[in-house]
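Chemist: One line per chain: the protein sequences are A and B, in this order. Just so you know, our numbering puts 117 at position 117 of the first sequence, and the rest follows in order with no gaps. Just so you know, our numbering puts 141 at position 141 of the second sequence, and the rest follows in order with no gaps.
Hints may contain errors.
Stated by the list, open to error - Now the in silico label distances, taken between C-beta atoms and shown as ranges:
(1) B:P44 with A:V557: 51 to 61 angstroms
(2) B:P61 with A:R515: 52 to 62 angstroms
(3) B:L272 with A:V557: 53 to 63 angstroms
(4) B:A24 with A:V12: 29 to 39 angstroms
(5) A:R198 with B:S135: 24 to 34 angstroms
(6) B:D237 with A:R354: 54 to 64 angstroms
(7) B:D237 with A:F179: 51 to 61 angstroms
(8) B:R94 with A:S463: 50 to 60 angstroms
Just so you know, the hints here were simulated from the structure itself, not pulled from any lab data. Each residue gets a CB set at the ideal place from its N, CA and C atoms; glycine is no exception.
Okay, here's what each chain looks like letter by letter:
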Amino acid sequence: MRIATVRRASQVFFLVLFLWFCVVASFGVHWWQLRGWPVSWFLHLDPLVAMGTLLTTGTLYRDLLWALVTVALTVLLGRFFCSWVCPFGSMHHLVGYLGKRGKPHSRKVELNRYHPAQSVKYALLVVLLSAASGAILARFIRDAVRPSLPLIMLFVATVGLAWAVVGRATAKKRGMSAFLGAFIGLWAFIGSIAALDRMITASLQTGLLDPIPLVYRSVNLVLLPLADSTLQVLSVSQRHYEGAWFIGAVFVAAILLNLKVPRFYCRFICPLGALMGILGRYALWRIGRKCAECPQCSLCEADCEGACEPTGTLRLNECVLCMNCLVACRHDQITFSLQPSAGGEISVPDLGRRGLILSMASGIAAVPVLRLEGHMGANWNPRVIRPPGALPEVDFLSRCIKCGQCMRVCPTNIIHPAGLETGLEGVWTPMLNFRLGTSGCQLNCVACGQVCPTAAIRPLTLSEKKGIGSHAGSGPIRLGMAFLDHGRCLPWAMDKPCIVCQENCPVSPKAIFVREVFNTVRGGVVTLGKTEGSTVEVRGASLEAGRYGTGDYYLHVPGAKETTRIRIVANTDRTLSLAPVAPADFLSLVGTQVHIQVRLQRPQVDPDRCIGCGVCEHECPVTGQRAIRVTAENESRSRKRSMLL
Amino acid sequence: MNDYPLNRVWSRREFVVRSAKAGAILAASGLLGYGFYDSIGPGPDESPDKSSVLLPDFSIPAAGRKMAIATGDNRVQTINLALKALGGVESFIRKGDRVLVKVNAAFATPAIVSATTNPELLKELIRLCYSAGASSVVVTDNPINDPGSCFALTGIGEAARSGGARLILPREGFFRETTVPGAAHLVRWPLLYEPFHGINKLIGVAPVKDHHRSGASMTMKNWYGLLGGRRNIFHQDIHNLIKELAMMVKPTLVVLDGTTTMMTNGPTGGSLSDLKQTNVMIVSTDQVAADALGATLLGRSLHDLPFIAMAEAAGAGSCDLETIRLERVSS
Numbered sequence: 001m002r003i004a005t006v007r008r009a010s011q012v013f014f015l016v017l018f019l020w021f022c023v024v025a026s027f028g029v030h031w032w033q034l035r036g037w038p039v040s041w042f043l044h045l046d047p048l049v050a051m052g053t054l055l056t057t058g059t060l061y062r063d064l065l066w067a068l069v070t071v072a073l074t075v076l077l078g079r080f081f082c083s084w085v086c087p088f089g090s091m092h093h094l095v096g097y098l099g100k101r102g103k104p105h106s107r108k109v110e111l112n113r114y115h116p117a118q119s120v121k122y123a124l125l126v127v128l129l130s131a132a133s134g135a136i137l138a139r140f141i142r143d144a145v146r147p148s149l150p151l152i153m154l155f156v157a158t159v160g161l162a163w164a165v166v167g168r169a170t171a172k173k174r175g176m177s178a179f180l181g182a183f184i185g186l187w188a189f190i191g192s193i194a195a196l197d198r199m200i201t202a203s204l205q206t207g208l209l210d211p212i213p214l215v216y217r218s219v220n221l222v223l224l225p226l227a228d229s230t231l232q233v234l235s236v237s238q239r240h241y242e243g244a245w246f247i248g249a250v251f252v253a254a255i256l257l258n259l260k261v262p263r264f265y266c267r268f269i270c271p272l273g274a275l276m277g278i279l280g281r282y283a284l285w286r287i288g289r290k291c292a293e294c295p296q297c298s299l300c301e302a303d304c305e306g307a308c309e310p311t312g313t314l315r316l317n318e319c320v321l322c323m324n325c326l327v328a329c330r331h332d333q334i335t336f337s338l339q340p341s342a343g344g345e346i347s348v349p350d351l352g353r354r355g356l357i358l359s360m361a362s363g364i365a366a367v368p369v370l371r372l373e374g375h376m377g378a379n380w381n382p383r384v385i386r387p388p389g390a391l392p393e394v395d396f397l398s399r400c401i402k403c404g405q406c407m408r409v410c411p412t413n414i415i416h417p418a419g420l421e422t423g424l425e426g427v428w429t430p431m432l433n434f435r436l437g438t439s440g441c442q443l444n445c446v447a448c449g450q451v452c453p454t455a456a457i458r459p460l461t462l463s464e465k466k467g468i469g470s471h472a473g474s475g476p477i478r479l480g481m482a483f484l485d486h487g488r489c490l491p492w493a494m495d496k497p498c499i500v501c502q503e504n505c506p507v508s509p510k511a512i513f514v515r516e517v518f519n520t521v522r523g524g525v526v527t528l529g530k531t532e533g534s535t536v537e538v539r540g541a542s543l544e545a546g547r548y549g550t551g552d553y554y555l556h557v558p559g560a561k562e563t564t565r566i567r568i569v570a571n572t573d574r575t576l577s578l579a580p581v582a583p584a585d586f587l588s589l590v591g592t593q594v595h596i597q598v599r600l601q602r603p604q605v606d607p608d609r610c611i612g613c614g615v616c617e618h619e620c621p622v623t624g625q626r627a628i629r630v631t632a633e634n635e636s637r638s639r640k641r642s643m644l645l
Numbered sequence: 001m002n003d004y005p006l007n008r009v010w011s012r013r014e015f016v017v018r019s020a021k022a023g024a025i026l027a028a029s030g031l032l033g034y035g036f037y038d039s040i041g042p043g044p045d046e047s048p049d050k051s052s053v054l055l056p057d058f059s060i061p062a063a064g065r066k067m068a069i070a071t072g073d074n075r076v077q078t079i080n081l082a083l084k085a086l087g088g089v090e091s092f093i094r095k096g097d098r099v100l101v102k103v104n105a106a107f108a109t110p111a112i113v114s115a116t117t118n119p120e121l122l123k124e125l126i127r128l129c130y131s132a133g134a135s136s137v138v139v140t141d142n143p144i145n146d147p148g149s150c151f152a153l154t155g156i157g158e159a160a161r162s163g164g165a166r167l168i169l170p171r172e173g174f175f176r177e178t179t180v181p182g183a184a185h186l187v188r189w190p191l192l193y194e195p196f197h198g199i200n201k202l203i204g205v206a207p208v209k210d211h212h213r214s215g216a217s218m219t220m221k222n223w224y225g226l227l228g229g230r231r232n233i234f235h236q237d238i239h240n241l242i243k244e245l246a247m248m249v250k251p252t253l254v255v256l257d258g259t260t261t262m263m264t265n266g267p268t269g270g271s272l273s274d275l276k277q278t279n280v281m282i283v284s285t286d287q288v289a290a291d292a293l294g295a296t297l298l299g300r301s302l303h304d305l306p307f308i309a310m311a312e313a314a315g316a317g318s319c320d321l322e323t324i325r326l327e328r329v330s331s
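Throw the hints in and build the complete structure from the sequences for me.
Modeler: Laid out in structure tokens, this is it:
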């Protein structure tokens, strides 16, 4: 079997596997729904996820250890992942193939020629990783002036450098030594005058462009909901995602660009491909030419996926191991071997020292500039309610890769990708919307934290979420607090009985309780006429027939005892029928002015009990701007946001 | 550049070197993965500030419980009289002492509305400290209004400068977490700690003011200005909080200025009609006793001000005026 066929089989296998994992991330009881399927496995395999979180948190969380497998194979083979595993890469591959089909050979070769802009992806990678390493860098700088181990290392390094300078060394090495010496000196100097850790912080933004999170959120939040709106297999009702158009637009643009240049995203943008290109720098096996003399028929370049120029000097870090050149060559020139290409090879990206330093500087500077908005501190946005178990905001943003797995898995569809609510940094991070979806955050559900690949939402147990058992001391996880809008609430503002919010409050004892009041209805002051049994005639008003027979209306004599309210059971325009318990003397008040009153139960939120689950907001019959709304005040993930003592 | 030129056969040495480099990357990734592997993930707590602090005890045990009440409308005279009655400032401030004066600079209002520590009183107090041989005097507060404006408009800043004291305005980096032993509210709470650096004597200087939530703002409530963070949530349990403040701070002396008392519209005041001339200056080693006496200037009983009994029960002092050494002097 030809190697390209094997590659295609691998691509189909992994693409189908990926789509399968997207499909089975559905809530339900069937074998093809959530049954321990490793739905985030491609994210675990992604070395950029592992490296990003390693830089921001100093830890490699659980299944991210899988990334080591990818790294090991990449170090030995190069960017095999791009052409053999990556589901996004396979999509590009297919669309790029379709776009090229029927074009003349020369045009195909032209499309696959190396372009200097392919180094842009390395710049993007450096920017993203620098933004993620701000906190570590600042700590290194601070540690440089502490009398601890780093200082000793610094001393050793300085002595070593001094030796290199005064000892025998080439001019190049001397220059290098001088540069390093100056760098370390500057490092110690800055560390001694400024506490940079107050300014420079880390933010994990790799997920914006990392192809694995990108393809996960595109498929899960755009393609599947679209497909399922006709099939209705994956969920009982249409899944919605705020801002899905933007995710979809990025996805479609990335896919359509293949028609312009095959594998446009992989060649120019993909930071994961860039990382793998660097990791595979010393790949032992690689594509290359056997002899320097080659007929230059460029058959091999017609389908070269990486634009790595196998006919010329091979660009090792651009080669995605599609193996098309190996198959296409009719002169037995191309091999996959331990030898470097006879045509020569270039194994480092075309970025240059200036490009590198510029990208690093902009990545490091971007985070403190973005945080000037104050979203991490006093100016935090209370409309952004994070899922249960979400870490405090700064820690959360140093882990969230915007993959959308929590949004996909949420059975009630309340987790949505954020727009600019928490600034540019928070784009596509999860936030709750209690109007969309089928309910609030379910009391007995912890799915989002279980599926989160980086523990930005940490995995909760049910007892921790509910604050029971061994977690009784710390209380339940609170997402925020429900606030009543008295101007919109029916019993508060409009004399209408309601309390749907109170009934649906899932906390026990309920966080919403009611206070009973009786209000005289509009035009409800009437004079009693003659009575007949328990039916009384009213004078001076024409009533709306049937209106007061709902069980919520009472007749009250002002000045009488509070308890002397008699329930109205029916009414015509001139009569009121009262409950049979009416005392006889009550019915003999002919000529007395009485009040028709409505019994209202006005909801009240108990701040010590409310967990901010949003069920009340979801159920509120004021369907536009709800009369009870949850905002993130008092959320338990950060002490600084507690509202109560 | 590690590029390979055209048409060259690779030596064994080159292959070995390349394999070693690839192996080194493999080993490094493996080590990183092993070293930083985290099977549990983050816990529920925000990482606590490891540099938690406790305020030291600034009281002088030998001085015992004593209080002086000087009557008169001239603060410079009454503070001198009161201190003299307690054995002179020298019995509290020794040569070489580094003194922190915690003023009440809460609002950006002029001194005449008496919402803040009187600048003349402050200046005289600083002079007295230096005359007793203090090597340095520091003045600080974390006011409610903008700090710069508060210290400028109240005249406290100018008084401190002209008196030769160092003025420390609060800054973000000046706060450290503190947990007051036995406290329910002051747990891992940011405390304005930087001004205490090197300090061995602490004097609190506060005016007597009406306070709508707690009933009165006097010497114990004055320590509120040492707190940072979102301290406004403490108003949900103000009396216990004032008790905890009294537990947190053990001052050398407190000065309660009742020359003019803010009777209404506290604690901001804003009008001269809120004020009443009461002509009393209280200096005490017992903050509970000083506040108990101050309550009478406001015409309030101890029952109106639950924090006083709470602070007494917590051992921060006593409002028993029978057992304290009480000196009454007048100008």
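Chemist: Run every hint past the structure and note whether it holds.
Modeler: Going down the list of hints, with the structure as the test:
{"no.": "1", "hint": "B:P44 with A:V557: 51 to 61 angstroms", "verdict": "57 angstroms, holds"}
{"no.": "2", "hint": "B:P61 with A:R515: 52 to 62 angstroms", "verdict": "55 angstroms, holds"}
{"no.": "3", "hint": "B:L272 with A:V557: 53 to 63 angstroms", "verdict": "54 angstroms, holds"}
{"no.": "4", "hint": "B:A24 with A:V12: 29 to 39 angstroms", "verdict": "35 angstroms, holds"}
{"no.": "5", "hint": "A:R198 with B:S135: 24 to 34 angstroms", "verdict": "31 angstroms, holds"}
{"no.": "6", "hint": "B:D237 with A:R354: 54 to 64 angstroms", "verdict": "60 angstroms, holds"}
{"no.": "7", "hint": "B:D237 with A:F179: 51 to 61 angstroms", "verdict": "60 angstroms, holds"}
{"no.": "8", "hint": "B:R94 with A:S463: 50 to 60 angstroms", "verdict": "58 angstroms, holds"}
Figure legend: structure checked against the earlier numbered hints; every hint is met.
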